[in-house]
Amino acid sequence: MLREEGFNAFVIVGGLAAWRKAGNPLEPVPRDDLVKLPTFS
Amino acid sequence: MQPLLSLIGHHGYILVFVIVLAEALGLPVPAAVALVAGGAAAAAGVLGVYRLLLLAVLAMLLGDCLLFVAGRYMGWGLLGFLCKLSVNPETCILRSAESFYKRGKATLLFAKFIPGINTMAPPLAGSMKMPLDTFLRLDLAGATLYATVYVAVGFLFRDFLVSVMRGFQTAGRAVEGVTVLALIGYALYRVWLYRKHAVYRVVPRIQVDEVTRRLASEDKEKILLIDVRSHGYYDAETARIKGSIRLEPNKLKEELQNIPKDKDIYVYCT
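For the record, the sequence lines run as chains F and V.
So for the first sequence, the working numbering puts the first residue at 32; every next one is plus one.
So for the second sequence, the working numbering puts the first residue at 348; every next one is plus one.
Don't read these hints as lab results, they were simulated from the structure.
You may find that some hints are simply not true.
To be verified - Taking CB as the label site, the calculated pair distances span:
#1 V:Tyr448 with F:Glu35: 43 to 51 Å
#2 F:Lys52 with V:Thr481: 39 to 47 Å
#3 V:Asn605 with F:Pro56: 22 to 30 Å
#4 F:Pro56 with V:Val527: 49 to 57 Å
#5 F:Pro59 with V:Leu535: 44 to 52 Å
All figures in this text were calculated on a predicted structure; none of them were measured in a lab.
For every residue, glycine included, the Cβ atom is placed at its ideal position computed from N, Cα and C.
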């Protein structure tokens with residue numbers, strides 16, 4: 032869909048797992064971006 | 348039904364227990380058929396109906412409790428795994444959670460009758476921190492209802508079921524033919540779907556070391572890293588590629604308006 036919309040998009044082979052395996056820097060997901068799912072307690 | 352009845356006659360209790368437990372753990376085995384066969388065996392005097400019901404309920408409770416605890420301690424990881432088999436894994440978790448939260452208690456009572464929901468309900472309850480005593484109470488009620496209904500069907504309609512099975516045996520060849528045709532039709536449909544969406548599979552790829560090389564060069568301002576996971580954003584300990592931004596795959600059209608078109612977009616998933 033990204034390419035259909037005219038974006039020059041690529042997929043990183045191996046995704047986050049490959050990035051992590053290569054020892055590249057990561058960061059924690061910002062709190063504001065966390066999806067709050069409902070809980071019973 | 349006759350071979351199954353014969354099998355149950357020899358190994359009845361353990362067989363029903365194992366099949367019901369396997370289904371409770373998410374395996375694609377027909378626990379309902381085993382319970383109906385068990386009920387029929389009970390009507391024939393081969394098995395004791397109350398012992399059969401007790402074992403079936405215990406098997407379901409055991410399987411459900413294991414998934415409940417797994418959901419409680421593994422968080423949404425277990426659900427992500429279970430949702431991999433769904434048509435849309437990205438929305439599976441969120442919609443399952445919202446639906447379960449709205450109808451949680453009633454869901455546990457009737458979940459076992461609904462394929463798919465029966466496996467999702469216990470780990471959902473665990474992930475959503477349902478109190479254990481509440482879960483046990485509702486799951487026990489649901490398991491008892493489920494076991495009672497199907498055992499009762501087998502018990503009360505044993506003669507009818509035997510004649511239906513005889514009919515199936517008589518129409519054996521025709522049933523086999525229809526089944527084979529249905530499987531071929533389904534396979535052709537899947538091939539058609541695959542070819543229809545094949546164009547979307549031709550997406551350029553880039554290796555991790557090429558991305559890191561470009562990020563360390565003058566080109567880094569021309570690159571945008573985008574995280575397209577949904578389920579990765581449910582746990583507080585989740586990490587992402589440094590400098591990447593999140594794009595909700597279910598709201599792609601809206602979010603694309605905020606993405607600059609003059610940059611190379613590198614997307615990643617788990």
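Quiz item: Cβ-Cβ distance between Tyr448 of chain V and Glu35 of chain F: within 43 to 51 Å?
Solution: Hint violated: Cβ distance 35 Å, outside 43 to 51 Å.
Quiz item: Does the Cβ-Cβ separation between Pro59 of chain F and Leu535 of chain V fall within 44 to 52 Å?
Solution: 47 Å, holds
Quiz item: For the pair Pro56 of chain F and Val527 of chain V, does the Cβ-Cβ distance stay inside 49 to 57 Å?
Solution: 55 Å Cβ-Cβ, so the 49 to 57 Å window holds.
Quiz item: So does Asn605 of chain V sit 22 to 30 Å from Pro56 of chain F, Cβ to Cβ?
Solution: Holds: the Cβ-Cβ distance is about 24 Å, inside 22 to 30 Å.
Quiz item: That 39 to 47 Å hint for Lys52 of chain F and Thr481 of chain V (C-beta), does it hold up?
Solution: 42 Å, holds
Of the numbered hints listed earlier, the single one contradicted by the structure is hint 1.
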